[in-house]
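Now for the letters of each chain:
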Amino acid sequence: MKTSPARRRSSGKSQNPPSAEPAPAESLPSIDDLKERTAQAERDRIAMAEHGMRQRNRATVSADSLWGALGTETRRRAVCDWLFGLGLTNTKCARQIEETFGIRTTPSAVRFFYQQHSFLWKIGQAKSQAEIEKGQLPSNWEARIREALAQRRFEAVYQALTDKQILAFEKLDLEKRKVDLKASEVFLTERRLILLEKKMQDAQSTLQDSTITAEEQARRIRKILGQE
Amino acid sequence: MTRTTTLARAILDRLRICQPYALPEEQLATEVNGVVRPPAKATEFAAALQALNTAEAPRIVLLRDDFDPESRKWLITEAGEAALLR
Numbered sequence: 001m002k003t004s005p006a007r008r009r010s011s012g013k014s015q016n017p018p019s020a021e022p023a024p025a026e027s028l029p030s031i032d033d034l035k036e037r038t039a040q041a042e043r044d045r046i047a048m049a050e051h052g053m054r055q056r057n058r059a060t061v062s063a064d065s066l067w068g069a070l071g072t073e074t075r076r077r078a079v080c081d082w083l084f085g086l087g088l089t090n091t092k093c094a095r096q097i098e099e100t101f102g103i104r105t106t107p108s109a110v111r112f113f114y115q116q117h118s119f120l121w122k123i124g125q126a127k128s129q130a131e132i133e134k135g136q137l138p139s140n141w142e143a144r145i146r147e148a149l150a151q152r153r154f155e156a157v158y159q160a161l162t163d164k165q166i167l168a169f170e171k172l173d174l175e176k177r178k179v180d181l182k183a184s185e186v187f188l189t190e191r192r193l194i195l196l197e198k199k200m201q202d203a204q205s206t207l208q209d210s211t212i213t214a215e216e217q218a219r220r221i222r223k224i225l226g227q228e
Numbered sequence: 001m002t003r004t005t006t007l008a009r010a011i012l013d014r015l016r017i018c019q020p021y022a023l024p025e026e027q028l029a030t031e032v033n034g035v036v037r038p039p040a041k042a043t044e045f046a047a048a049l050q051a052l053n054t055a056e057a058p059r060i061v062l063l064r065d066d067f068d069p070e071s072r073k074w075l076i077t078e079a080g081e082a083a084l085l086r
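Chains as they are written, first to last, in my numbering: chain P, 1 to 228; chain U, 1 to 86.
Careful, some of the hints might be misleading.
[Claimed, not checked] Pairs of lysine to aspartate or glutamate residues, derived as EDC-like cross-links and limited to a Cα-Cα distance of at most 20 Å, are as follows:
| no. | chain 1 | residue 1 | chain 2 | residue 2 |
| --- | --- | --- | --- | --- |
| 1 | U | K73 | P | D163 |
| 2 | P | K92 | P | D180 |
| 3 | P | K223 | P | E197 |
| 4 | U | K41 | U | E81 |
| 5 | P | K199 | P | D180 |
| 6 | P | K223 | P | D202 |
| 7 | P | K223 | P | D209 |
| 8 | P | K199 | P | D209 |
| 9 | P | K164 | P | D81 |
| 10 | P | K127 | U | E81 |
| 11 | U | K73 | P | E155 |
| 12 | P | K127 | P | E175 |
| 13 | P | K92 | P | E155 |
| 14 | P | K171 | P | D32 |
| 15 | P | K127 | U | E56 |
| 16 | U | K73 | P | D44 |
| 17 | U | K73 | P | E131 |
| 18 | U | K73 | U | E25 |
| 19 | P | K134 | P | D163 |
| 20 | U | K73 | U | E26 |
| 21 | P | K134 | U | D65 |
| 22 | P | K164 | U | E26 |
| 23 | P | K127 | U | E25 |
| 24 | P | K127 | U | E70 |
| 25 | P | K127 | P | D173 |
| 26 | U | K41 | U | E26 |
[Unchecked claim] Over 12 Å on every C-beta distance to chain U, these chain P residues come out as not near it, computed from the model:
| no. | residue |
| --- | --- |
| 27 | L34 |
| 28 | Q116 |
| 29 | V186 |
[Said to hold, decoys possible] Just a sample of chain P residues kept apart from chain U, beta carbon distances all over 10 Å, derived:
| no. | residue |
| --- | --- |
| 30 | R37 |
| 31 | M48 |
| 32 | A69 |
| 33 | Q96 |
| 34 | K127 |
| 35 | N140 |
| 36 | Y158 |
| 37 | T189 |
Note that these hints are calculated values from the structure, not bench results. Note that CB positions come from ideal geometry on N, CA and C, so glycine has one too.
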């Protein structure tokens, strides 16, 4: 006959030899010890939970999950506004997201977010505006006219958002050109500096050359400095 | 997936999102080129639209504006939505 685990446990307990010596009294934990251990276990549990939470918060939000991590439509709209309206770069936008919402993300995740969701966002905005427009029209107007006006509104909002996006792109392009110009200026300055150093070395070696006369030295230095 | 299929799916997908509204052709081209690499040439895009419109069951339909004959807007049909599910 099979016995249940509970029965086996209870039967096992009852089969303890009666002659077994009881555990010494001092090895049993006191009530205070038990309380202390329980409190310690609770403290450990809380510490581990906090550590896990910190790790989760510190973890970088990957490309796929930025949309989900933002959570609410207000936050997503804010990010779209930063990208379209303010024309923030992906890096700056990632920093802004971290500062504002406490979500650590990467520029590539922002780029992915932009590529995948900007269209959805624009369409969502345009649709909602069109529905509002349709709702405000007199109810006795023909359905055909109501639909046509809603379509107009949809297109207008969509176009406006696209224009905003294009402006943001142009702003970014302009910033990139500024950076490129700055870089070329720095490059030219470095080249100029190298040339001047070379001239300086030539002039010094001419001055240190004792085999030529002072007039010859002056003539050569003028030539090096381009004054001749 | 061939280039033609990719382009057709991108067009249908964009139009599905816009439902029940139609999307002007230029904007559709811009949005499709945002997701298709390399971007479609004008002729390639026009051919894809034509193919989707002239199939046995048109997947998209062209809406013309009464006041602006140049304006071309595209709307997805039920056949187009069904094609996306395949």
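Evaluated hints:
no.: 1; hint: U:K73 to P:D163; result: holds (19 Å)
no.: 2; hint: P:K92 to P:D180; result: holds (18 Å)
no.: 3; hint: P:K223 to P:E197; result: holds (15 Å)
no.: 4; hint: U:K41 to U:E81; result: violated (25 Å)
no.: 5; hint: P:K199 to P:D180; result: violated (29 Å)
no.: 6; hint: P:K223 to P:D202; result: holds (10 Å)
no.: 7; hint: P:K223 to P:D209; result: holds (16 Å)
no.: 8; hint: P:K199 to P:D209; result: holds (15 Å)
no.: 9; hint: P:K164 to P:D81; result: holds (10 Å)
no.: 10; hint: P:K127 to U:E81; result: holds (19 Å)
no.: 11; hint: U:K73 to P:E155; result: holds (10 Å)
no.: 12; hint: P:K127 to P:E175; result: violated (33 Å)
no.: 13; hint: P:K92 to P:E155; result: violated (31 Å)
no.: 14; hint: P:K171 to P:D32; result: violated (69 Å)
no.: 15; hint: P:K127 to U:E56; result: violated (30 Å)
no.: 16; hint: U:K73 to P:D44; result: violated (64 Å)
no.: 17; hint: U:K73 to P:E131; result: holds (19 Å)
no.: 18; hint: U:K73 to U:E25; result: holds (5 Å)
no.: 19; hint: P:K134 to P:D163; result: violated (24 Å)
no.: 20; hint: U:K73 to U:E26; result: holds (9 Å)
no.: 21; hint: P:K134 to U:D65; result: holds (19 Å)
no.: 22; hint: P:K164 to U:E26; result: holds (16 Å)
no.: 23; hint: P:K127 to U:E25; result: holds (18 Å)
no.: 24; hint: P:K127 to U:E70; result: violated (24 Å)
no.: 25; hint: P:K127 to P:D173; result: violated (30 Å)
no.: 26; hint: U:K41 to U:E26; result: holds (12 Å)
no.: 27; hint: L34; result: holds (62 Å)
no.: 28; hint: Q116; result: violated (9 Å)
no.: 29; hint: V186; result: holds (34 Å)
no.: 30; hint: R37; result: holds (59 Å)
no.: 31; hint: M48; result: holds (44 Å)
no.: 32; hint: A69; result: holds (22 Å)
no.: 33; hint: Q96; result: holds (23 Å)
no.: 34; hint: K127; result: violated (7 Å)
no.: 35; hint: N140; result: holds (22 Å)
no.: 36; hint: Y158; result: violated (7 Å)
no.: 37; hint: T189; result: holds (39 Å)
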